[in-house]
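Taken in sequence, the protein lines are chains A and B.
Per the numbering used here, residue 1 is the first one in the first sequence, and the count goes up by one each step.
Per the numbering used here, residue 1 is the first one in the second sequence, and the count goes up by one each step.
No lab work stands behind these hints: they were computed from the structure.
The structure presented is a predicted model; accordingly, all values stated were derived computationally and were not measured.
Quick reminder that beta carbons are idealized off the backbone N, C-alpha and C, glycines included.
Do not rely on the hints blindly, as some may be mistaken.
To be verified - One side of the interface only, derived from the structure: several residues of chain A facing chain B at Cβ under 10 Å: (1) Arg8; (2) Ser265; (3) Ile269; (4) Asp384.
Stated by the list, open to error - Cross-link-like lysine to any residue pairs, in silico, SDA-like; alpha carbons within 25 Å at most: (5) B/Lys139 / A/Thr18; (6) A/Lys144 / A/Arg107; (7) B/Lys139 / A/Lys142; (8) B/Lys139 / A/Leu223; (9) B/Lys139 / A/Lys144; (10) B/Lys139 / A/Trp14; (11) B/Lys139 / A/Lys242; (12) B/Lys139 / A/Phe22; (13) B/Lys139 / A/Glu77; (14) B/Lys139 / A/Arg19; (15) B/Lys139 / A/Leu297; (16) A/Lys242 / A/Thr271; (17) A/Lys142 / A/Phe129; (18) B/Lys139 / A/Arg23; (19) A/Lys261 / A/Glu77; (20) B/Lys139 / A/Leu15; (21) B/Lys139 / A/Lys261; (22) B/Lys139 / A/Phe129.
What the hints assert, rightly or not - Which chain B residues stay away from chain A? Per the calculated CB distances, all over 10 Å, these: (23) Gln80; (24) Gly108; (25) Arg188.
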Amino acid sequence: MNRFWRGRRIPLSWLLLTRQPFRLLVALAGISFAGILMFMQLGFRDGLFDASVTAHRLFDADVVLISPRSASSVSMEAFPRRRLVQTLADPDVDGVTQVHWGLMLWRNPETRRNRSILALGFNPDDPFFVDPSLAEKTDALKQKGRILFDQLSRPEFGPIADWYRDGRVVETEIAGNRVRVAGLVSLGTSFGADGNLLTSTETFLDLMPQKPPGAIEVGLVRLKPGADPQQVVSRLSQRLPKDVLVLTKQGFIDFEQNYWKSSTSIGFIFTLGAAMGFVVGCVIVYQVLYTDVSDHLPEYATLMAMGYRLSHLLGVVVREGFYLAVMGYVPAYLAGQGLYSFVRDATKLPVGMDFSRALTVLVMILVMCMLSSLLAMRRLIDADPAEIF
Amino acid sequence: MATVVVDNLSHAFGQGEMRREVLQNISFSIEPGEVVLLTGPSGCGKTTLLTLIGALRTVQQGQVSVLGQALHGAGRRRRQQVRRCIGMIFQGHNLLRCLTAEQNVQMGADLLPGLSYRARRDEARQWLRAVGLEDHMAKVPHDLSGGQKQRVAIARALAATPRLLLADEPTAALDSRTGREVVELLRRLAREQSCAVLMVTHDPRIVDVADRLLQMEDGRLMNAV
């Protein structure tokens with residue numbers, strides 16, 4: 001306790017900051033703005049990458065089989081169905097099911113224009129869905145020619161959801177075959193797919209008659225409780241021929257996201273956007289702190305003349321930077337959350353605040369505030385105090 | 001041991017063609033407790049000399065030693081330690097605008113090692129009483145008059161218990177009566193602390209407070225002792 005009181009000093013950093021409340025507000029607005037910029041760019045990036053795997057997340061599987069020739073969800077290649085059956089030989093495998101996965105041309109029933117839509121075909125008796133409410137709807141698919149339409153699809157596919165909710169019979173054509181909407185689901189759009197539809201294996205094959213029999217795009221494997229997916233994956237990879245790629249569910253999701261991150265310019269653009277946010281933030285904060293330090297330079301020089309150590313003064317300025325960072329972060333965080341929910345409503349993208357992003361932005365703001373404050377102090381480090389008066 | 005010894009000190013500003021000698025071969029010394037006044041026309045190098053002794057400027061040529069510490073070639077750390085033993089009163093009062101009078105003085109007292117926050121604050125209050133500002137402790141510099149600000153500056157300089165006080169035209173911004181009061185206060189308090197004082201001024205009205213007078217012209221001492 002005694003030590004504490006001995007160490008206690010006048011809260012100089014705080015008093016320096018709060019002497020001009022208006023200027024402090026301007027500084028905080030600048031820092032918050034930089035924070036919001038980073039929140040938005042990172043949020044968009046993560047949201048878009050997240051959206052690219054909506055379909056992948058649907059399935060409740062531990063291990064996923066795909067063709068090694070598949071590049072992404074919009075160019076899925078087929079592999080022999082036998083491979084999926086072969087996995088049943090592994091003692092840890094509990095059950096398997098197949099999913100057909102491909103783009104089809106959907107005709108907008110209102111404008112009669114065709115547009116490509118991502119179609120997933122699965123066995124309605126044995127769907128591996130994470131969401132139980134989705135599994136209930138699949139009953140309707142047991143009749144031929146029925147599909148479930150994603151109501152979050154882009155409006156270019158036609159007012160399907162509105163018509164369906166109005167009680168109308170919504171029918172349209174896919175590749176010359178008549179299909180009827182038997183229900184609505186909520187999945188969401190992604191980079192590759194402007195819309196989604198779910199249907200049964202049988203209907204899927206009717207809509208794509210050119211597909212060779214016995215070829216599937218995705219094989220889902222569910223493991224017995226307690227089994228380690230990683231081990232099963234390495235076991236199956238060794239045992240199965242090279243015409244199939246064995247992944248964990250996370251691996252399947254990463255496979256899709258890596259495609260968009262590294263094989264297209266989209267990932268680069270958004271990472272660059274976030275970097276720009278950081279740079280712009282740095283410039284704003286440096287400008288704000290530099291003016292602040294310049295304004296107080298005679299006072300810092302006075303303290304140096306009185307015999308205060310340079311490190312003591314640097315401490316004062318770094319603490320100023322720290323207070324600014326923390327005070328600027330709070331409004332940025334709140335505004336970020338508000339903007340996220342706004343963007344969610346407007347674009348249907350799964351953009352949300354998560355802990356790691358909140359932390360990343362906090363660290364970036366702290367780094368840029370303290371770095372800028374130290375940079376702004378260079379004049380005091382270089383100069384003799386007498387030259388500053 | 002003399003508080004200040006200046007031996008053959010020269011100083012110049014600028015480089016090459018622009019080089020301008022401001023101090024030439026200056027030598028003098030100040031004994032402990034002595035009050036020395038440095039006068040001369042403006043631009044003759046008084047302030048430069050003062051900042052060199054105050055370790056605020058790098059010594060170029062000659063010797064300056066303050067309280068036994070040689071300043072020529074001294075590093076940042078050594079100069080900071082020397083500054084710690086020197087109280088400074090500037091032409092402009094140079095108070096911290098964001099602090100009250102009491103906090104400003106406490107910034108001086110804070111340099112004393114091993115005192116609790118409360119003790120340092122009491123020290124600050126005591127010094128403000130000594131300069132007659134007990135009613136203005138909570139005011140910020142903006143609300144104080146010129147003379148009051150200069151008195152706060154004196155209290156701040158003395159609160160760090162310096163052994164040498166350097167004052168650069170402390171009366172420049174004051175009317176003659178207040179100036180006289182401030183200087184006499186300064187001398188009385190310095191005497192009580194047996195603290196040496198070197199004061200730059202060209203105010204002829206306060207010459208009589210000095211034990212000794214140094215006269216400067218064109219960078220030279222006229223009456224070197």
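Do the hints match the structure? See the list:
{"no.": "1", "hint": "Arg8", "result": "holds (4 Å)"}
{"no.": "2", "hint": "Ser265", "result": "violated (50 Å)"}
{"no.": "3", "hint": "Ile269", "result": "violated (45 Å)"}
{"no.": "4", "hint": "Asp384", "result": "holds (5 Å)"}
{"no.": "5", "hint": "B/Lys139 / A/Thr18", "result": "holds (16 Å)"}
{"no.": "6", "hint": "A/Lys144 / A/Arg107", "result": "holds (19 Å)"}
{"no.": "7", "hint": "B/Lys139 / A/Lys142", "result": "violated (85 Å)"}
{"no.": "8", "hint": "B/Lys139 / A/Leu223", "result": "violated (76 Å)"}
{"no.": "9", "hint": "B/Lys139 / A/Lys144", "result": "violated (87 Å)"}
{"no.": "10", "hint": "B/Lys139 / A/Trp14", "result": "holds (18 Å)"}
{"no.": "11", "hint": "B/Lys139 / A/Lys242", "result": "violated (83 Å)"}
{"no.": "12", "hint": "B/Lys139 / A/Phe22", "result": "holds (21 Å)"}
{"no.": "13", "hint": "B/Lys139 / A/Glu77", "result": "violated (80 Å)"}
{"no.": "14", "hint": "B/Lys139 / A/Arg19", "result": "holds (13 Å)"}
{"no.": "15", "hint": "B/Lys139 / A/Leu297", "result": "holds (22 Å)"}
{"no.": "16", "hint": "A/Lys242 / A/Thr271", "result": "violated (35 Å)"}
{"no.": "17", "hint": "A/Lys142 / A/Phe129", "result": "holds (16 Å)"}
{"no.": "18", "hint": "B/Lys139 / A/Arg23", "result": "holds (22 Å)"}
{"no.": "19", "hint": "A/Lys261 / A/Glu77", "result": "holds (20 Å)"}
{"no.": "20", "hint": "B/Lys139 / A/Leu15", "result": "holds (14 Å)"}
{"no.": "21", "hint": "B/Lys139 / A/Lys261", "result": "violated (60 Å)"}
{"no.": "22", "hint": "B/Lys139 / A/Phe129", "result": "violated (71 Å)"}
{"no.": "23", "hint": "Gln80", "result": "violated (6 Å)"}
{"no.": "24", "hint": "Gly108", "result": "violated (6 Å)"}
{"no.": "25", "hint": "Arg188", "result": "holds (22 Å)"}
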